[in-house]
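Undergrad: Residue numbers (this note's numbering), protein chains in the order written: chain A, 1 to 325; chain B, 1 to 389; chain C, 1 to 289.
Quick caveat, the hints were computed from the structure, so don't treat them as lab data. The beta carbon of each residue, even a glycine, is placed where N, CA and C say it ideally should be. Among the hints, erroneous ones may be present.
[Stated by the list, open to error] Here are the simulated lysine-lysine pairs, PhoX-like style, with alpha carbons at most 20 Å apart:
1) Lys94/B x Lys36/A
2) Lys243/B x Lys216/B
3) Lys94/B x Lys66/B
4) Lys36/A x Lys198/A
5) Lys94/B x Lys286/B
6) Lys320/B x Lys67/B
7) Lys320/B x Lys118/B
8) Lys321/B x Lys335/B
9) Lys179/B x Lys260/C
10) Lys179/B x Lys162/B
11) Lys67/B x Lys94/B
12) Lys138/A x Lys179/B
13) Lys286/B x Lys211/B
14) Lys138/A x Lys87/C
15) Lys211/B x Lys260/C
[To be verified] So the derived label-pair ranges between C-beta atoms look like this:
16) Val108/A x Val75/C: 44 to 54 Å
17) Val153/A x Lys387/B: 15 to 25 Å
18) Ile87/A x Leu135/C: 53 to 63 Å
19) Pro89/A x Leu135/C: 29 to 39 Å
20) Val60/C x Val191/B: 28 to 38 Å
21) Val108/A x Pro57/C: 49 to 59 Å
22) Glu325/B x Pro156/A: 26 to 36 Å
23) Leu139/A x Gln370/B: 41 to 51 Å
24) Trp141/A x Glu133/B: 11 to 21 Å
25) Ala350/B x Glu162/A: 56 to 66 Å
26) Ile275/C x Glu162/A: 38 to 48 Å
27) Trp276/C x Leu139/A: 23 to 33 Å
28) His139/C x Asn261/B: 54 to 64 Å
[As the list claims (entries may be wrong)] The following residues of chain C were derived to be distant from chain B, with all beta-carbon distances above 12 Å:
29) Ser113
30) His139
31) Ala149
32) Thr152
33) Leu211
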Amino acid sequence: MTPTTPPLGKLLDQARWRPWEPVLWLAALAAPWLLKEHALIINEVAIVALFAVSLDLILGYTGIVSLGHAAFLGFGAYSAALFAKHIHPDPMVGLAVGTAAGTLLGAVASLTIMRGTDLTRIMVTLGLTLILFELANKLDWLTGGADGLQGVVMGPLLGRFEFDLYGQVAAAYSIAVLLVCFLLARRLVHSPFGATLKAVRDNRLRAMSIGIPVASRLAVVYTVSAGMAGAAGALLAQTTGFASLDVFSIERSADVVLMLVIGGVGWLYGGVVGAVVFKLLHDVIAGITPQYWTFWVGLFLVVLVLVGRERLLRPWTWFSRKDAA
Amino acid sequence: MQKRHFIRTAVALALVGSLGHAAAQDNTFKIGLILPMTGPFASTGKQLEAAARLYMAQNGDTVAGKKVQLIVKDDTGAPDVTKRIAQELVINDKVQVLAGFGLTPLAFATAPVATQSKTPLVVMAAATSSITEASPYIVRTSFTVPQVVTVLADWATKNNIKRVVTLVTDYAPGVDSEKFFSQRFQANGGVVVESLRVPLRSPDFAPFLQKVRDAKPDALFTFVPSGAGSALMKQFAERGLDKAGIRMIAEGSVTDDDILNGMGDVALGVVTAHHYSAAHNSPLNKKFVEAFGKANNGMRPNFMAVGAYDGMRVIYEGAKKTKGEGGEALLNAMKGQVFESPRGPIYIDAQTRDVVHNVYVRKVERINGQMWNTEIETVTDMKDPGKAK
Amino acid sequence: MLTILFDGIAYGMLLFILAVGLSVTMGLMNFINLAHGAFAMLGGYLTVALMQHAGLPFLVCLPLAFGVTALVGAVLERTLYRPMYKKPHLDQVLFSIGLTFMAVAATDYFMGSQQQIIQLPTWLLGRTELFDGALGMGHYRLFIIAICAALTVGLQFILSRTRFGSRLRASVDDPRVAASLGINVNVVFAATFAVGSGLAGLGGALGAEVLGLDPSFPLKFLVYFLIVVAVGGTSSITGPLLAALLLGIADVAGKYYIPKLGGFIVYTLMIAILIWRPHGLFSRLGGGK
Chain A
1 MTPTTPPLGK LLDQARWRPW EPVLWLAALA APWLLKEHAL IINEVAIVAL FAVSLDLILG
61 YTGIVSLGHA AFLGFGAYSA ALFAKHIHPD PMVGLAVGTA AGTLLGAVAS LTIMRGTDLT
121 RIMVTLGLTL ILFELANKLD WLTGGADGLQ GVVMGPLLGR FEFDLYGQVA AAYSIAVLLV
181 CFLLARRLVH SPFGATLKAV RDNRLRAMSI GIPVASRLAV VYTVSAGMAG AAGALLAQTT
241 GFASLDVFSI ERSADVVLML VIGGVGWLYG GVVGAVVFKL LHDVIAGITP QYWTFWVGLF
301 LVVLVLVGRE RLLRPWTWFS RKDAA
Chain B
1 MQKRHFIRTA VALALVGSLG HAAAQDNTFK IGLILPMTGP FASTGKQLEA AARLYMAQNG
61 DTVAGKKVQL IVKDDTGAPD VTKRIAQELV INDKVQVLAG FGLTPLAFAT APVATQSKTP
121 LVVMAAATSS ITEASPYIVR TSFTVPQVVT VLADWATKNN IKRVVTLVTD YAPGVDSEKF
181 FSQRFQANGG VVVESLRVPL RSPDFAPFLQ KVRDAKPDAL FTFVPSGAGS ALMKQFAERG
241 LDKAGIRMIA EGSVTDDDIL NGMGDVALGV VTAHHYSAAH NSPLNKKFVE AFGKANNGMR
301 PNFMAVGAYD GMRVIYEGAK KTKGEGGEAL LNAMKGQVFE SPRGPIYIDA QTRDVVHNVY
361 VRKVERINGQ MWNTEIETVT DMKDPGKAK
Chain C
1 MLTILFDGIA YGMLLFILAV GLSVTMGLMN FINLAHGAFA MLGGYLTVAL MQHAGLPFLV
61 CLPLAFGVTA LVGAVLERTL YRPMYKKPHL DQVLFSIGLT FMAVAATDYF MGSQQQIIQL
121 PTWLLGRTEL FDGALGMGHY RLFIIAICAA LTVGLQFILS RTRFGSRLRA SVDDPRVAAS
181 LGINVNVVFA ATFAVGSGLA GLGGALGAEV LGLDPSFPLK FLVYFLIVVA VGGTSSITGP
241 LLAALLLGIA DVAGKYYIPK LGGFIVYTLM IAILIWRPHG LFSRLGGGK
């Protein structure tokens, strides 16, 4: 009975909270206490989910294929670690520093992804990560080089909760940050701004022709996404008490792309689901064949793509004939 | 549609909860072995695991009345994964001791876990000096880079090598070896003409070797990860450096026993310094090499393997003394152990918890069709000069 | 300094042979095939296996590396790759990464994870010094340059002087129109993919000595191949050739003259070039995603 026109109604409908969502998030926040022995992996999953959600903003909603998102993850991680080590060990301030660092780098880097083909963007994003890797290695008086940056001891969260060996505080912290960023992303994506992003993704030329400032859209979303990735990096450094060169590795960027694709691009929960499924897969398979698990992951990917990505989470379509999407 | 996604997520989360519920048995002595089994250092992981299992096969799987359970995990070479795995091993599987650690950053990342949970941590492969200082619960059975390169520097000075160019891979052990070699060599009156560092990812040594050639030193000191050694030596010969009168001296990983046989004639005559050679002439070592080969398809054990083998010995003997208990008691039982290893005599310094053993200067020779690192000189009881003493 | 130039050229030509297949596949079939490195690895391991176990001489192994890899490429193209052509780039990336993972793990399982060592025939070891040592040319690198130069000339000849070449060029320009003219685009695709993979295999065999060979080869060098393709563009073979030479010389010279910055130079150069000319240094401007 709404007086809105059908397209607007549809958009509003998409933005509405589904009843299961608050339940899911409450369960997630309670998980570190309900599933005590798994608090550590929950922490890891939450951080990686945040990273994946940040990538979804540019990959899923704006269509920028990036193989170098780890650049922001790593930059945020090192910034937060260095901040905690040399200036102040408070986690929340460190988180802000990490996020700011990521945002700054993203703003600068957004200049590089404006033009060119998919391949160009892949190479440019990859190149940035590789350069940062080399920098971190060379500046070993600052970053600890290949040994990694140790001695990052975090102060208690909110002045009260110590980061303990069990990882419960860490997991709750990460999930809370994930929730906040998720809400932010959600707000962004379901706004008029978000709608223009989708227009840019679907057909850049057409978007330009109706007056959408494509360049500034790209810059803004890339910067926001980088800031979120920086936050994930800060969480990583803070909860592990460590920052090392492999935060800049190609594997990290590639893993997060995989996760996002498994979970589903263009749907914010895709990052979360993908992170959970990927980490689970990894743990389970690596427990069985610690050496050759990459083979099974590879096989899974090949089959996934041949069968059609959208069909992974819809098992009833696995056996029906379907035209290629 | 999203509802089904949610259901999937819930199921997945529930699965997480049901996984990994190892029934904790009080009658087991658990060892958490964390190794790089995939990724560029996978061959290290293979050697370490093979040696650990060999020790168990030779000495039985019961100690002090408890059954020994070896839990092997792959950390893919990423420190945050190592740390998480270590934490899970300590909290969920309740291991009495952590072991392995193929690379320095992995050991560093895990040190706080050892300290916080009071679990002894045996470093079987990583070789940076400062690792044992990262936690009072760390014991090392591998070696330290300064131990071996210092000996090499002394040998070089004695053998009329006055000018040297150092060429190392740009990562922690490489940089360490460059630093300590140069320090000792220069203290002995030698001159380090140039210090070159090769990126870890680098495929080609050509430009660096060209620089070495242009600098015309008496010798080239080098450290590269095992595997890159053969490429380096081939290019060394290809570029005519041996004909230009430049000798090659290296840290022992370059002539890694694992791949020495495949290196070909270019490796002959290369002088290295290390704590273990598969050619070491002792009955214990001969038995070790033979048993290792039999159990692993003719694979030859290298210095990584001996680190794991001795690490297991330290753990077993320590557990016997504490009757299977872990914690501080186990740590104390590990300190000060003196025994014979396939590498030679060895003891764990009670003060520094680091390994003290013989360092050998070796030359690569071909004997009976196989290539071996023949020991030509021995320095006994070499402590780690890298400790801030 | 001349020696550095020489080394750079050798390295560049090797990269070119390795990457040219990728470049043509991308330009022709608009398919981002990140598994290209796996074909190179196949050629390398095949050569090592044949030399060590079957005792075949090096020179015989080279054409075999080319042939077998080309065959494998043809089979895979027909079975696995063809359904993927119409899919979006992201899917192709995932697919080819999945294939690469499988190849890497399988190689690790069957051949072990250590570096493979090739024993070159003695006539390839050795060095010629000219100009009083200012130019030193390793014989093996000379060999590489010779073979790659011959291949380049051959490829260019095929492309511009033969019927197949003109069909290929037509298919690159516009597959639909080419098909409507009666050109069997499927056959062109299959043949090109096979040849491209074969060249990669040959490159892997040649490069085992210089670049090393272990199961992580595809992932290690993928970046370099992609740089060659991105900078060189996908619409000719002279583009990637020049890009590969540029990359090779920059890398070698950079490491020699400014060793502290070594790896940087290449990446920064690439980013700068791509910002300046997003479609690659040598491509014709114009459409295409």
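Undergrad: With reference to the structure, classify each hint as holding or not holding.
TA: Right, here's what the structure says about each hint:
Of the supplied pair hints, the one linking Lys94/B and Lys36/A holds, its CA atoms being roughly 14 Å apart against a limit of 20 Å. Among the hinted pairs, Lys243/B with Lys216/B is consistent with the structure: their alpha-carbon atoms are about 12 Å apart, no more than 20 Å. Of the pairs offered as hints, the one joining Lys94/B and Lys66/B holds, with about 14 Å between alpha carbons and a cut-off of 20 Å not exceeded. Between Lys36/A and Lys198/A the alpha-carbon distance is near 40 Å, which puts this suggested pair outside the 20 Å criterion.
Only pairs whose Cα atoms come within 20 Å are accepted, and Lys94/B paired with Lys286/B is rejected, the gap being roughly 36 Å. Distance restraint check for Lys320/B and Lys67/B: the Cα-Cα separation of roughly 12 Å lies within the 20 Å cut-off, and the hinted pair is therefore satisfied. The suggested pairing of Lys320/B with Lys118/B holds, with an alpha-carbon distance near 19 Å, which does not exceed 20 Å. Proposed proximity of Lys321/B and Lys335/B is supported: the alpha carbons are some 12 Å apart, at most 20 Å.
Under the criterion of a C-alpha separation no larger than 20 Å, the hint pairing Lys179/B with Lys260/C is consistent with the structure, at around 16 Å. Of the pairs offered as hints, the one joining Lys179/B and Lys162/B holds, with about 17 Å between alpha carbons and a cut-off of 20 Å not exceeded. This hinted pair checks out: Lys67/B and Lys94/B have alpha carbons roughly 14 Å apart, not beyond 20 Å. Our distance criterion of 20 Å between C-alpha atoms is met by Lys138/A and Lys179/B, whose separation comes to about 16 Å.
Taking the CA atoms of Lys286/B and Lys211/B, the gap is near 42 Å; set against the 20 Å cutoff, the hint is violated. For the hint linking Lys138/A to Lys87/C, the alpha-carbon distance of about 41 Å lies beyond 20 Å, and the restraint is violated. About 13 Å separates the Cα atoms of Lys211/B and Lys260/C, which keeps this hinted pair within 20 Å; it holds. A C-beta distance of roughly 46 Å is found between Val108/A and Val75/C, which places it inside the suggested range of 44 to 54 Å.
For the pair Val153/A and Lys387/B, the beta carbons lie near 23 Å from each other, so the given range of 15 to 25 Å is met. As the Cβ distance of Ile87/A to Leu135/C is approximately 54 Å, the hint placing it in 53 to 63 Å holds. Taking 29 to 39 Å as the suggested C-beta distance range, the pair Pro89/A and Leu135/C does not conform, at roughly 58 Å. A hinted range of 28 to 38 Å is violated for the C-beta pair Val60/C and Val191/B, which are about 48 Å apart.
Hint check: Val108/A to Pro57/C, Cβ distance near 54 Å, so the stated range 49 to 59 Å holds. Checked against the hint of 26 to 36 Å, the pair Glu325/B and Pro156/A passes, with Cβ atoms roughly 32 Å apart. Between Leu139/A and Gln370/B the C-beta distance comes to about 44 Å, which sits within the given range of 41 to 51 Å. Here the CB-CB span from Trp141/A to Glu133/B is close to 19 Å, well matched to the stated 11 to 21 Å.
Hint check: Ala350/B to Glu162/A, Cβ distance near 33 Å, so the stated range 56 to 66 Å is violated. Checked against the hint of 38 to 48 Å, the C-beta distance between Ile275/C and Glu162/A comes to roughly 47 Å, which is consistent with it. Between Trp276/C and Leu139/A the beta carbons are some 28 Å apart, a value that agrees with the proposed interval 23 to 33 Å. Hint check: His139/C to Asn261/B, Cβ distance near 25 Å, so the stated range 54 to 64 Å is violated.
With 12 Å as the threshold on Cβ separation, the claim that Ser113/C sits away from chain B is violated: the shortest Cβ distance comes to roughly 4 Å. With a closest Cβ-Cβ approach of about 8 Å to chain B, His139/C is found to fall inside the 12 Å limit, against its non-interface label. Every CB of chain B lies more than 12 Å from the CB of Ala149/C, the least distance being 19 Å, so the non-interface label holds. The Cβ of Thr152/C lies farther than 12 Å from every Cβ of chain B, with a closest approach of about 21 Å, so its non-interface assignment holds.
At the 12 Å boundary, the C-beta of Leu211/C falls inside the reach of chain B, the nearest C-beta of that chain being 4 Å off.
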